[in-house]
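Here the structure of chain A is known, so what remains is to put chains B, C and D in place on it, guided by the hints.
4 protein chains.
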Amino acid sequence: MVNKVRDSVHGFIYFTDIEKEVINWPEFQRLRYIKQLALTNYVYPGAVHTRFEHSLGVMEMSSRMFDRLCIKTRSGEMIEKSLKVIGLDKKTARQVLRLASLLHDVGHLPFSHGGEAIIPKGKKHEDISISIIEYLQEKLEKLYFKDITNLVVQLIQKQVVLPELKLLKDIISGNIDADRMDYLLRDSHHCGVDYGYFDHKRLIESLSVIEGINGGLDLAIKHDGIHALEALILARYYMFTQVYCHRTRRIYDNYLKGYMESWKGKISDNFIDVTKYDDVDLIADFRRVAEEESNPFHNFAYRIYNRKHHSMIYETSEFTDARDRRKSEGIYKQLSNIYSKDYNLLIDHGEGNIHKFLVDGEDEAGEEFYVIRNDRECLLTEESHIIKKMPKKFHVVRIYIDSNIISEKISKEAIDELRIKALEVEREVR
Amino acid sequence: MVNKVRDSVHGFIYFTDIEKEVINWPEFQRLRYIKQLALTNYVYPGAVHTRFEHSLGVMEMSSRMFDRLCIKTRSGEMIEKSLKVIGLDKKTARQVLRLASLLHDVGHLPFSHGGEAIIPKGKKHEDISISIIEYLQEKLEKLYFKDITNLVVQLIQKQVVLPELKLLKDIISGNIDADRMDYLLRDSHHCGVDYGYFDHKRLIESLSVIEGINGGLDLAIKHDGIHALEALILARYYMFTQVYCHRTRRIYDNYLKGYMESWKGKISDNFIDVTKYDDVDLIADFRRVAEEESNPFHNFAYRIYNRKHHSMIYETSEFTDARDRRKSEGIYKQLSNIYSKDYNLLIDHGEGNIHKFLVDGEDEAGEEFYVIRNDRECLLTEESHIIKKMPKKFHVVRIYIDSNIISEKISKEAIDELRIKALEVEREVR
Amino acid sequence: MVNKVRDSVHGFIYFTDIEKEVINWPEFQRLRYIKQLALTNYVYPGAVHTRFEHSLGVMEMSSRMFDRLCIKTRSGEMIEKSLKVIGLDKKTARQVLRLASLLHDVGHLPFSHGGEAIIPKGKKHEDISISIIEYLQEKLEKLYFKDITNLVVQLIQKQVVLPELKLLKDIISGNIDADRMDYLLRDSHHCGVDYGYFDHKRLIESLSVIEGINGGLDLAIKHDGIHALEALILARYYMFTQVYCHRTRRIYDNYLKGYMESWKGKISDNFIDVTKYDDVDLIADFRRVAEEESNPFHNFAYRIYNRKHHSMIYETSEFTDARDRRKSEGIYKQLSNIYSKDYNLLIDHGEGNIHKFLVDGEDEAGEEFYVIRNDRECLLTEESHIIKKMPKKFHVVRIYIDSNIISEKISKEAIDELRIKALEVEREVR
Amino acid sequence: MVNKVRDSVHGFIYFTDIEKEVINWPEFQRLRYIKQLALTNYVYPGAVHTRFEHSLGVMEMSSRMFDRLCIKTRSGEMIEKSLKVIGLDKKTARQVLRLASLLHDVGHLPFSHGGEAIIPKGKKHEDISISIIEYLQEKLEKLYFKDITNLVVQLIQKQVVLPELKLLKDIISGNIDADRMDYLLRDSHHCGVDYGYFDHKRLIESLSVIEGINGGLDLAIKHDGIHALEALILARYYMFTQVYCHRTRRIYDNYLKGYMESWKGKISDNFIDVTKYDDVDLIADFRRVAEEESNPFHNFAYRIYNRKHHSMIYETSEFTDARDRRKSEGIYKQLSNIYSKDYNLLIDHGEGNIHKFLVDGEDEAGEEFYVIRNDRECLLTEESHIIKKMPKKFHVVRIYIDSNIISEKISKEAIDELRIKALEVEREVR
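Chains as they are written, first to last, in the numbering used here: chain A, 1 to 430; chain B, 431 to 860; chain C, 861 to 1290; chain D, 1291 to 1720.
Just chain A, with the same shape it has in the complex (with noise of 0.2 Å):
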């Protein structure tokens, strides 16, 4: 039977009667109680929206990417043989593709990235969505096929696959996918801004595929979707920098990000433990520890909780190169050095990344990605007069200020004076 649920950004989502079981395990049902965008909700009241219905936008949207895909005949033909190869027609690795895609963020912490400080080094949620899955395992298996645990492992892993499903990672998380095209369109819709809109159905329209240099399929556009994915990267580099960076959000990342040094025995190696909690367990903590004076993550909580929070005096440009942030760090140690014992200042880097395309004059080598014109493969980075001139990244750096005593007031005059005084410190730093 077709189940159907309605959608903020997509309309009607439609899943099988299996995948409305798997949506049904707590392990899915958590992701209602994990907010996408952390504390964003302070500054676009709207944005209190979940990985829950962002999990269920990612399935369709990559059932769509699949689907335009498999009705070319020359695409279709292309990808039913490159599966054939690992023994999966295209039925079962639509399966495959939909469950990984609906799993991929299973092992967010609260908060999302908010929490990921406490994830151990060199491990990223990813990782800990991998161990959920292998712990569903013997449910996921039952449900479906034998084997099928593992190849939604491998969609959702950062390391090698087999060349074969390569594609179908690349739709979930790649240059141009599921999960970046839903996350915009629905993080505008619910903070009500225009910058992460695009022409998505143009772009889904254009998809192509190619053959790859190992075996497997590349993703590819036809050229008429050239100007629909210049939008996609440049709705990217606007919510960055206009939502997921917004420089109050930062600073509460940065509360966050020292609070929950405090979780940090709560997670054992064994990832599992992440199920036991979300931001409600979050929130709670923070009110409680906002009250706790003596608790040594007192500040934080209370800062985060009570929206008590330093004020930006000094920001750079949303490019910087090396030279200008070692600029910025010489600012905010002279600061430091005249103003901290009145004040307490925070230094904050707020970085991304725009687009990973080899582009002109960048150092590192970015990715190839082809567009098909006159039935030829061109670079897109020739073809796109946008693209080649777009920077892969943007780094903002940010000076803060806030008084030493959290419940006191700092005055508009102070911050106005740091602020003249910063521009001043600016001129004389090399």
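Bear in mind the hints are in silico, worked out from the structure with no lab data behind them. Honestly, I wouldn't trust all of these hints.
Cut-off 27 Å, straight-line C-alpha distance, at most; resulting in silico cross-link-like pairs (DSS-like, lysine-lysine) [stated by the list, open to error]:
(1) B:K786 / C:K1248
(2) A:K409 / B:K786
(3) A:K90 / C:K932
(4) A:K266 / A:K121
(5) A:K201 / C:K932
(6) D:K1310 / C:K1272
(7) C:K1187 / C:K1201
(8) B:K818 / C:K932
(9) C:K1249 / B:K823
(10) A:K393 / D:K1678
For chains B, C and D alone, kept in the frame of chain A given last:
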């Protein structure tokens, strides 16, 4: 200074420094943790938005309504004159209106209407809002002016107020009001449904005032806004039947009501205690009780938290009359006689007001509302064929079943059997 | 090969190489020069869109409706079985449906309905479309297959057809049809009004079929589509009263009708002549005659081209009964007696069908339409409280005045005087 | 009295009684018969909207820009002071701005830019607009005040004006102007594309002014509007390349240009003749000439009216440099040498300005534009990484072929052969 926040429905919402201070008080910030639609997200996953953004939205909408009325020569002068009687000018009245809009929901219990079961008989969430506003009196009057609390309270309380304040009160909560205009649009946006949209800009554009019977002014509309008003009424009807009284939401409201009995002691007669609790506390509470099998409220908590809900086996039309309802009760009794040892049966009455206007063939007296046409005041219900024929209320009755042992899953066959049985019984019962 | 075009309402519209050829024929290209809404752009400046884009839109909508029905197991099988009786498979039926949709308006006269005054009594623009399709028979059958003309004609003509074709015919023009779904959305889009929007995706999603009385199938909807259907009916009502029968558009329709008398000789009984004329010819004609003062049609042409229109002085409600209309005629006569030597008076009856369903308390028999609920076929009018109470027709009467000498401007005072006089007369006339 | 009209892009547009009179003059009404985008409807069927609605839209947008600037204390005062120098107050300046906006396109020839081929060298459609405005001088000054014509003309003409008028002129036609804001949104709406949308509300919200070099004021934006401005520039780029210079539209522009030679005598030096002609005359003319085989312009008319257009066989990137263009010319010549006896070859240069700002690595000097950040004026191109890297112009070269006998259809094979040949030649030509 003008502050602003991005709203998912209205674009930017502006507010003054004084208003910012009120917004920052913990009593208002608490609304960040009260979901607008309780457990509706079990049906519409996007519906996790909060009373916080709604309250800002109502402040914005009521200002737009007031400003629109004031900008027109005739209604602007009438308002000025009417306010003068009670010693107010338009600027002050606007401040009071905005503050009352902002605070009208400040007394909401956890899970909004879901939690209302614990308010003493005869009281409503508006009464709690008033208690809290009175509790804040000193701080408010320091920020604004002496007497503002009293004015704000008059705009929120149900009882009759100074006739000259009635217009402001109606703007917040009347037949065409900022509260419902905001929630219809906002709930639609986050649920992802179209039902609640209507041409609110046109409706506001067509607002006017006429002399009321008791000295104040009544809201009215110009003839060209009549179809926008019809659309508002229909939006309300659709949102009520499709979202607020959705069969799955209603069953959880039943559990919630049952569970809230366990909270009865928490709120003293002094309603100020309400500000201690929000959705986080209630959810944490569910979780605890859902594990305590001996707890008398275990069943409710378990059902709510683990989403184990009854299945609907019978449903009437949306517009039952007393006879239909008696019949449904008869069906319920007869089914209970037969099945209650095997199944847990439950009957639910979902009802709501669609509008309060005077209409054809309804016993209950409706409110007169006027449309201005060719400079004459005409009765709305003579001008609008749609509203004239639209019932004031809907009332749907539903019968649900579930296993007596809630951990046991009821089979699809059992549900089908009872569905058929219900239809058989329906034919017999008179 | 698949061809596509960007449509302002439906996104991309796809069509085959064969369909491309038909689209390229001058008989179809002529629709580029027939505005969808005649002189409505005098009221809504954006309303200059053409029958060309509407016809493509209807082809798209009827395909979506048919495909939706075929994708569902039960209705898909019923359709297959029914078509088999007359020797058609689903693929062929779809081709016929698309072609009939594309060509259904090919017989429209200049200014669409505006020009219909010159069609002989008892004939409609559909009859002209049929004549043109029959004229194209040889070319069509060369492209498609023998007999397609006959099938297409059956889907367009008013008279009863093979019962097995009724479903296809109803998809193009019935109670829920592709034609009106497209024009409501499209006219709203270009006029810039909200009236005509409704959740067409949901409505199409809820389509189903049931066994008809005479052997074929009837369109029906599932219960969850009922509010979308109500919205369609309301959209029709609003668009008719606010746009298609707008008081200013109606007055120009009167002039148009008068002017078209001068074209009577142009169309022989053989309707093929129609393909020689379009809006460009008619406009060029207006302009010429607007300068020829001796021409008996000068006045109409001058008024139309120079936008010298009567002013409305009296208007009834949108739902007059026979008595109201008699009364309006009485008012008109009395005013004419008094004023006709100074002013040019005119009475206009604007009327239209809102729907054809069976409803409460209407003399005229309505069409039965079924809603599928709990696998049972229920009468729409018992399920929908809105439609049950919604009149099938509206009929508004308006009286206009203008100067007898059209170059002379009538004063605002004169208009006001007659307005007041009309209201006085209204009170007297019974 | 306030008059209003419903606009498909901006909702209601309001205008005064005086403006209504101007709108009703035949010189302005003529714009109802000038399509905004000439033959673009051959590619996007919805693109039949007119200069009439665009002109109203520009009046609305320029008012919003001006009002936004005036509402802010600082910029409001600067504007007041600057206008005072030339004896204007804000209210009068607003009137002039609105009138100039309304009339800026009144001199457009049939098919808008398509018809410009017949304007004498060195003249532009703005010059014709000015001629017509001067022709209307007496009537305008009777309605408004003495000297308004002169002020309006200064806002439209290209040459330098009073420095104090420059701000108003820039609002109508500058780097961020009402004209392009309106047409990008409007053309997108009617074509049904997403390319031209940008957050115009935010952009207007962020407008500010700074002291200009020569005494007047310059438009600037506040830092928070920078991404909205980037989006405007990108919207322009996308609309130019995807719509205005679409390969099919360009080929028809070529035919139009050729055809318009036949109209050369029609416009005397006195441009007032222009008001005698519109699209209806031009289309009627095409049709006639398309039948007259002996007419020297028969081929152009036949191609345009019967949509017999060349096929593109070669296309460069959107950002060619001089070398690329020389190369394309080389390819064209070589192909002509080989094929010109069998085919009709044609080379087309589609080019346009994307913006005029100062950017990196462009020879041509750009205009400085300032962003206000921390109360400091910063160069736009230092603040916006996107605009800094965005070329000011695009220039695409295309080669087309068609049969020498236009009634003959060129085969798909022939097109493919020439496409391949063109790519071969491309490799050889340097």
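Hint by hint, here is what the structure shows:
Restraint check for K786 of chain B and K1248 of chain C: satisfied, since their Cα atoms lie roughly 21 Å apart, inside the 27 Å limit. Taken as a hint, the K409 of chain A and K786 of chain B pair is broken in the structure, with Cα atoms around 49 Å apart against an allowance of 27 Å. Straight-line distance between C-alpha atoms of K90 of chain A and K932 of chain C comes to about 22 Å, which keeps the hinted pair within the 27 Å bound. Distance check on the hinted pair: K266 of chain A and K121 of chain A sit about 16 Å apart at the alpha-carbon level, within 27 Å; holds.
Among the hinted pairs, K201 of chain A with K932 of chain C is consistent with the structure: their alpha-carbon atoms are about 25 Å apart, no more than 27 Å. Between K1310 of chain D and K1272 of chain C the alpha-carbon distance is near 15 Å, which keeps this suggested pair within the 27 Å criterion. The hinted pair formed by K1187 of chain C and K1201 of chain C meets the criterion: a straight-line CA distance of about 22 Å does not exceed 27 Å. This hinted pair does not check out: K818 of chain B and K932 of chain C have alpha carbons roughly 39 Å apart, beyond 27 Å.
Distance restraint check for K1249 of chain C and K823 of chain B: the Cα-Cα separation of roughly 15 Å lies within the 27 Å cut-off, and the hinted pair is therefore satisfied. Restraint check: the Cα-Cα separation between K393 of chain A and K1678 of chain D comes to about 16 Å, which is no more than 27 Å; the hinted pair holds.
The structure is inconsistent with the numbered hints 2, 8, although it conforms to all the rest.
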